[in-house]
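Asker: Sequence:
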Amino acid sequence: VDCGWGVRTPVVDLAAYIEEVRSKVPQPVTTDDNYAFWASAPSIITNEIDYAALHTYPELDTVFIPEPGLFDWRQKSLPEAQRAAAMLDGAIGEARFQYQLARTHLDRLGRADIPIVIGETGWNAVDVGALKFRAHPVNQKMYFDRLNAWAAEGRSGAGPKAVFCFVAFDEPWKQLDDGW
Numbered sequence: 001v002d003c004g005w006g007v008r009t010p011v012v013d014l015a016a017y018i019e020e021v022r023s024k025v026p027q028p029v030t031t032d033d034n035y036a037f038w039a040s041a042p043s044i045i046t047n048e049i050d051y052a053a054l055h056t057y058p059e060l061d062t063v064f065i066p067e068p069g070l071f072d073w074r075q076k077s078l079p080e081a082q083r084a085a086a087m088l089d090g091a092i093g094e095a096r097f098q099y100q101l102a103r104t105h106l107d108r109l110g111r112a113d114i115p116i117v118i119g120e121t122g123w124n125a126v127d128v129g130a131l132k133f134r135a136h137p138v139n140q141k142m143y144f145d146r147l148n149a150w151a152a153e154g155r156s157g158a159g160p161k162a163v164f165c166f167v168a169f170d171e172p173w174k175q176l177d178d179g180w
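Mapping of the sequence shown onto this note's numbering: residues 1 to 180, in sequence order.
Everything labelled a hint here was simulated from the structure, so no lab data went into it. Heads up, none of these hints are tricks.
Distance ranges between label pairs, derived from CB positions:
1. P10 <-> R74: 36 to 46 angstroms
2. R8 <-> P137: 30 to 40 angstroms
3. R22 <-> S156: 21 to 31 angstroms
4. R22 <-> A85: 40 to 50 angstroms
5. G110 <-> D32: 14 to 24 angstroms
6. D32 <-> T104: 15 to 25 angstroms
7. V12 <-> G110: 14 to 24 angstroms
8. G93 <-> R22: 32 to 42 angstroms
9. P26 <-> K132: 42 to 52 angstroms
10. S23 <-> S43: 14 to 24 angstroms
11. V21 <-> R83: 42 to 52 angstroms
12. G157 <-> A85: 17 to 27 angstroms
13. E80 <-> T104: 28 to 38 angstroms
14. K24 <-> K132: 41 to 51 angstroms
Even for Gly, the Cβ is constructed at its ideal location relative to N, Cα and C.
Could you put the whole structure together from the sequences, leaning on the hints where they help?
Answerer: Here it is, written out as C-alpha cells:
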C-alpha cells in the first residue's frame, strides 16, 4: 500500500495499525487512498475498516494517467464556448466512475455495509505546471457545484456519504501542490 509520497506500508502492517487505532478511540476508523486501491482493496483491510475514504482527482488524473479511458477533458468535438462545462461534467462523471469501481469491489467482498466517503478531491484554481486549460477559478467553482450536487445525492441514496474538498484555500507551505 502506497501511503503517499512513495512510502509503502505492507498491508499486514496497515491492518495492524487500523486495529491498534480502533482499540484506542471510539470513532470510526479507516485508511485513505485513491480509487484504484479501493477498487481492489484486500479483505485484510476491508474487514478492519468502518468506512472507505476514497480520493478522487479527475483533473490530476488527466496528467498522471493520460491514456485513453479517462474522460475527454479537452472536449474538442464541442464548440469552444461549451467545452468548460462539458469538461466539468466529464470530471464528475469520472469521479462517479471511480467511486463505483470501489463500491462494486466492496460489495463483491460482502462489505456493502461499508459507506464510502470522498476523503479528498478538488480542482486547482491555478496552473501548477501541467494543467493548462484545466486549472482556473471558474472551473474550480463548476467542479465544486457539481460535487455538491453529487454529495447531496449520496446523503439520501447511492453515492458518497460525505465529501472532503482538498483544499478550499491556498496553502503556500505545500509549494508546488498549492492553488486548490
